[in-house]
Amino acid sequence: MNKFKMGIIAVSCTAVVCGAIYVSIYFMKLNKYKNIVAGIKYDTVDLLKVKDGTFKGSFDAIFVGADVSVTVKDHKITDIKLLKHKTEKGQKAEVIPEKVVQAQSLNVDTVSGATNSSKVILKAIDIALVSGEK
Amino acid sequence: MNNLVTDDEYFDFESYHMGTHILQRIYSQNAAAVATLAEQEIERLENLMSFFIDDSEVCRINNSAGIRAESISHDTLYVLNKSKQYSKLSSGRFDITAGKLADLWGVFTKHECVPSKETVVSALKLIDYEDIILNDRECTAKLLKHGQKIDLGAIAKGYAGDKMCEIYKQHGITSAFVNIGGNVMTVGSKPDGTPWCIGLQNPDGARGEYIGAISVYNKSVVTSGDYVRYFEMDNIRYHHILDPITGYPSESGLKSATVIAKSSLEADAVSTAIFVSGLEEGLRLVNGINGVDAVFITKDNGVYVTEGIKDNFALVEGNNKYRYI
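Read top to bottom, the protein sequences are chains F and A.
Numbering-wise (our numbering), the first sequence opens with residue 1 and increments by one.
Numbering-wise (our numbering), the second sequence opens with residue 1001 and increments by one.
A couple of the hints might just be wrong.
Here are the in silico distance ranges between beta carbons for each label pair [as the list claims (entries may be wrong)]: (1) A:Arg1284 / F:Val100: 54 to 60 Å; (2) A:Glu1280 / F:Asn107: 32 to 38 Å; (3) A:Asp1192 / F:Ser12: 27 to 33 Å; (4) F:Tyr26 / A:Arg1044: 39 to 45 Å; (5) A:Tyr1304 / F:Asn107: 23 to 29 Å.
According to the in silico footprint, chain F covers these stretches of chain A (three or more CB under 8 Å from chain F) [to be verified]: (6) 1017 to 1025; (7) 1175 to 1187; (8) 1192 to 1201; (9) 1212 to 1222; (10) 1312 to 1318.
Each computed DSS-like pair below joins lysine-lysine, with the alpha-carbon atoms no more than 27 Å apart [what the hints assert, rightly or not]: (11) A:Lys1142 / F:Lys51; (12) F:Lys49 / A:Lys1110; (13) A:Lys1169 / A:Lys1142; (14) F:Lys76 / A:Lys1110; (15) F:Lys73 / A:Lys1142.
For the record, the hints were derived by calculation from the structure and aren't laboratory data.
Quantities reported herein were computed from a predicted structural model and do not represent experimental measurements.
Even for Gly, the Cβ is constructed at its ideal location relative to N, Cα and C.
Produce the complete structure using the sequences and hints provided.
Spelled out as structure tokens, the structure:
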């Protein structure tokens, strides 16, 4: 086999190996992200101990990060501002063909008649309030 | 216009306004800037229309009831005109002058209570949407009788949803939605051209659990129900959607009513109206308005879906107690 052919094989193998490593790292991160979110625990914050002010909290779960600023006045939360940048790749949405479908065939974007609040956001709010507890 | 890195990339923004949680989901490179503008808009509208902010236009109108007309913004004038229109259409089942009742029952405050029959009866005398006097040219509003109060709680979020989506479109966004405390308003389709899939909250389930879903393009989906805001006294549950005709929390045989319409303001007002009216009367109302569809969930777990949305609605398997009627 000449050097050229060996070169091509070497490059191809390297490419395949790199691809495999990239994919496994992605899945490891995805798993870690899922574990982080599943394992979120909240501190019980006593608002009576939180002084007036605006507090920042941050929580990172790899694919989702949340930075929040929580304003407390007279032991009540008066404002929560937050920004979350999310780049999680979702599944393709299925067109709803039948009248009764399996839950996993639906890719619901949001729910009408109920508010959304992600665990990551709530954790960041929790962290902000803990920093205001003194 | 849109230089998306990938079609799946979206930005989520959450905030709290109008007493509830708001989620903005925008598929666009300029999402952050636009979401901020939209947030400022809902804040502006809350300051104009809140029942609880002392110098809001609503409070000024209420404080001047029976005395004088108040100058208002074009936004408030628009919402008041629309409110009267839906009151007429619903024969008073939707009536913003029920603000007097909201006051009595302490809705959304720490002082919820069951008012006496006498106070309810005298409050009913002050409930009449025809007493809202509007001057479109001067841009003023006046309540005819002293003691009358308007409350835009059943329509303001809808208006806010429309205005926020207007801002998205003005900035070239073609895929987005906003969920204002359960009021959903969508722009376009998802980036891959498929419709938005909007779940319908299970009235008896945990928050976020849905019994079915509706697929829509460019439409609003708003649900009125008795399962979120209520208080209990002497083992009786009192929910927050007061019937302007009886003065008490509505008892129409429904657990929830969902409306699908092009405008979120319309979906908001009509969902409240049909929830109070019940299935029969509610259906008549929906059928009498162009471009509006609905899903009713009755107290005995029947699900009624209007013709126009039948092909875009599905129940989820496993909700055995919910069935089509």
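Could you check the structure against the hints above and give me the numbers of any it violates, in ascending order?
Violated hints (numbers, rising): 1, 11, 13 and 15; every other hint is consistent with the structure.
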